[in-house]
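As you go down the protein sequences, you meet chains A and B in turn. For the first sequence, counting from 1, position 489 maps to 489 in this note's numbering; every step adds exactly one. For the second sequence, counting from 1, position 61 maps to 61 in this note's numbering; every step adds exactly one.
Because the hints were derived from the structure by calculation, they are not lab data. All figures in this text were calculated on a predicted structure; none of them were measured in a lab. There are no misleading hints in this set.
The list that follows gives simulated cross-link-like pairs (lysine to any residue, SDA-like), each with its CA atoms no further than 25 Å apart:
1. B/K509 <-> A/S285
2. B/K400 <-> A/E401
3. A/K418 <-> B/L281
4. B/K153 <-> A/S427
5. B/K310 <-> A/P288
6. A/K416 <-> B/W152
7. A/K303 <-> B/Q277
8. A/K153 <-> B/N426
9. A/K416 <-> B/Q277
10. B/K400 <-> A/H252
11. B/K310 <-> A/L289
12. B/K509 <-> A/P288
13. A/K125 <-> B/D420
14. A/K416 <-> B/P142
15. B/K416 <-> A/A241
16. A/K272 <-> B/L300
17. B/K400 <-> A/E406
18. A/K418 <-> B/L289
19. B/K153 <-> A/I428
20. A/K416 <-> B/Y282
21. B/K416 <-> A/S285
22. B/K32 <-> B/A10
23. A/K310 <-> B/Y282
24. A/K310 <-> B/W280
25. B/K394 <-> A/E406
26. B/K125 <-> A/D420
2 protein chains.
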Amino acid sequence: MQDHRDDTYAAVQPAIPDPPKALPLNVTGLPKRLLSSEVISITQSPTESLLSSLATGKLTSTAVTTAFLQRAGLAGKLTNCLTELLPSRALARAKYLDDYLTQHKKPLGALHGLPISVKEHVGMKDLDLNAGFVSWVGRVAPDDALILKLLWKAGAVFYARTTEPQALMHLETSNNIYGVTVNPFNTALTPGGSSGGEGALLGLRGSCLGIGTDIWGSIRSPAANNGVFGFRPTSFRLPMAGLAATMYGSEHIVAVIGPLSTSLEGIKVFMKSIVDQQPWLYEPSLVPLAWRDSSSQGTLLRKGADGKRKLRIGVLADDGVVRPHPPILRGIATLVEKLRGNPDIEIVEFPPYNHAEAWRIISSLYFPDGGAEEAGAIDASGEPFLPLTNFIIKDNPNMKEMSVPEVWRLTEVRDKYKSDFTRHWNSINTTLAGPEVAGGSLLAVEAAEQREGMVDVILTPTGEADKVEEGYKPRNEQDRYNYELYKLDTYTDAPISLQLVGRRYEDEKVIEALEFMLDVAGMGLSPVEAKL
Amino acid sequence: MQDHRDDTYAAVQPAIPDPPKALPLNVTGLPKRLLSSEVISITQSPTESLLSSLATGKLTSTAVTTAFLQRAGLAGKLTNCLTELLPSRALARAKYLDDYLTQHKKPLGALHGLPISVKEHVGMKDLDLNAGFVSWVGRVAPDDALILKLLWKAGAVFYARTTEPQALMHLETSNNIYGVTVNPFNTALTPGGSSGGEGALLGLRGSCLGIGTDIWGSIRSPAANNGVFGFRPTSFRLPMAGLAATMYGSEHIVAVIGPLSTSLEGIKVFMKSIVDQQPWLYEPSLVPLAWRDSSSQGTLLRKGADGKRKLRIGVLADDGVVRPHPPILRGIATLVEKLRGNPDIEIVEFPPYNHAEAWRIISSLYFPDGGAEEAGAIDASGEPFLPLTNFIIKDNPNMKEMSVPEVWRLTEVRDKYKSDFTRHWNSINTTLAGPEVAGGSLLAVEAAEQREGMVDVILTPTGEADKVEEGYKPRNEQDRYNYELYKLDTYTDAPISLQLVGRRYEDEKVIEALEFMLDVAGMGLSPVEAKL
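Build the full structure now, drawing on both the sequences and the hints.
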């Protein structure tokens, strides 16, 4: 498969440059040195500018696709974030779209001509669909996943497929087919996972809009680790048909699909393009909720007596189980500082709510077959279990093979936790029935699970002084593990990201709240952007 | 428990009359003979008139509650539809509401003062909650079910609790605690089930608005059998917390709660009263969809170039597996005849779609524990299995104890069927992507399952000549069984009802479409109504 991948790199014209032998830890400066200024200019344009240029013909899809093939290929060589490039398919599609625009004088759809990268386990007709299992290599998708069909109708170009970890359940990205994907900001670090190929690719601007999947952080973690926006929509808003994974048909834990983008507008156009096509007419488990576009339908936030938008934000800096590393705590404090004092924003504390119990529940429900399907797919080829697969399956103390009634009982416990958490949310500063959104460190909010609709926001450039508190005593084994990981120089250049969480199905509100916050904080452009 | 129930009858003042010893098969004429004209006048008012009189003080809640206690008690004596009356609670509540109106000069909420009957397994604080199992008698609800709390806030009065069958999974209503509930139109027949107590009670006008629950017809069957409106909302619109049942926590087949009413306005006010209180803020599995009120927000149907509402109806008269009895086929033909020719209504055929497969899937998924929880709850007391419990559990050829992965595989099959059925719906007369609603016999559409949002509509008075087709050859064993059940005089006086089905989450549209159809067909008032 690696040979096939390299062959697809070799098929790109002009040739993708080879990186120098000696690489710095932070490789994000290399594209500017190795690629043409036209490629740099195109690939670093905000998604919305690209779409506008593509729609008017100021840029051809062929030019944009060629530029992203170049830069993605270089990103692949630098971080191992790709399973393959699709130059011939993508350029044929780009040509079709360019001809279409010439002929019809209007774009095909909202995504006309835009290259979109796709996590490997989202099926593409006639291409390999291995989901990171060696034994699945050679399985070929009989059709495009439904989400790809809808993006296609909106004018997308698919040009790159990205890596994912073994079993799709690591917050890192490595498997026995393609090896390890690394973080472009610091190649000694992970890009996160499971959509880590997307994360690294977008971090290096080899893509401006990509597709990931998420259960317990698989979009949010790589978005956070690479300083881009990642959005985990509420379940049952975007179609899941045509993805490859084990445990298909299980319902206790629901995976979702969603976008990563270098700009918030990319997130919005992605969601809107799909939801506007009423995917519930094809996948009946989806909820028929139209996309509420605040720009055309007015604000989704509260309005005060003065007619201005109001936002109440709950801040959860520490989940009470594992204390975030100092830069993350500083990041939260920095943002709060910038927002506090704005008359339209109210900030309240969001106390953690029994996150250890939340983890116990979800880590028990991940593999109620005792991990048999995962182990079966791994053992079928004899490939080794990777360390994080062992962590979540073999060494997971909460996991066992359950009977159907045992799953029901645990599902009841899950639902009780969700109800209790909802009551907790409602109870915080109850005059308005809880904060509209809550922000916190990824780890902290992650443990709460089942809060859906999340956006990561890059906060500060990294590498600044963030010493650990003197004499800190870890609270428990997990906290000790995390505490001991941290050294001032270990995380050099790694982006610091926060996430914003809303109630279920308030996806559009979370996005608008984030826009509002970034605007108030004067952080419209990602701070990482300026360095690239 | 029967003694307790009788004690609650005896506590009602004025005393509930005893029916004569010799009863006709059709007992629906008895209330008029045995109850005062005031009681008759109140209990036969349309729900919307009652609500209006209660809101303005023209009628007190005490008077209305007393009238329904009387008539419900008589219905209980005639059909065995009650587990208990709640005279002291209900009258205390009614007095509170009457005082409230006097004091505040406005009603407490949209349901101010209205008596609502409740199926027994919907928990009421401090009252028995046995769900029809002998071994559960004596279990006491620690709190009111969430739906009752919301109805309470809207001003409801709870005054009667109604019967349900053993295991809650019969389309009849009998258990070993309270015995058999019969159909008031023909006491040799069943009122349907599992919400059969509600059905019989509403059929006799001992209630104008009641609460049932439904998986495979448990609201629709008793509504149909008793000539009242029954509405099965889409799952995850109304709260389920606080109900008693086995297999709590199972997710493959989702039960719903919903109303039965003697008027369509009763259905609407019930739904709106609950959804307007945003139940998703308390039960996080619910979807935050506001109730779309066509009267205030304009039509939910299409509008034609002439500005008038348009409706396309798919007609499914026969599911291809079991042919409905002649009166039902005549009922469908009669309605179609009345609608055809109206320029705003288009009628298309809705061909059945592999309903035998749908039944195989759902009857396999009902009890993936092999029926162990049902059997356990039954065996705990040594009570006998009733025939329909045997039918669905012991004699169900599709049922077996499954492992967790086996449930997943079957859930995949279920989802494939749902997707295929959706495609089928979309494909019918594809210029407009399928009919907006589909109507058919209960059995026929029932087999399709997972189509949610259903309304039963009584169509014609029964007992008219409906001979079976000469020389009909049954298609299969089920069809033969059903065919042989039918004799011209067996179903004397039994209501004939049809149902209207919409896409998921189009609940409001289904209701508006039904209103529109009844209006066009000149059937605003149930034909049964005139006879009572």
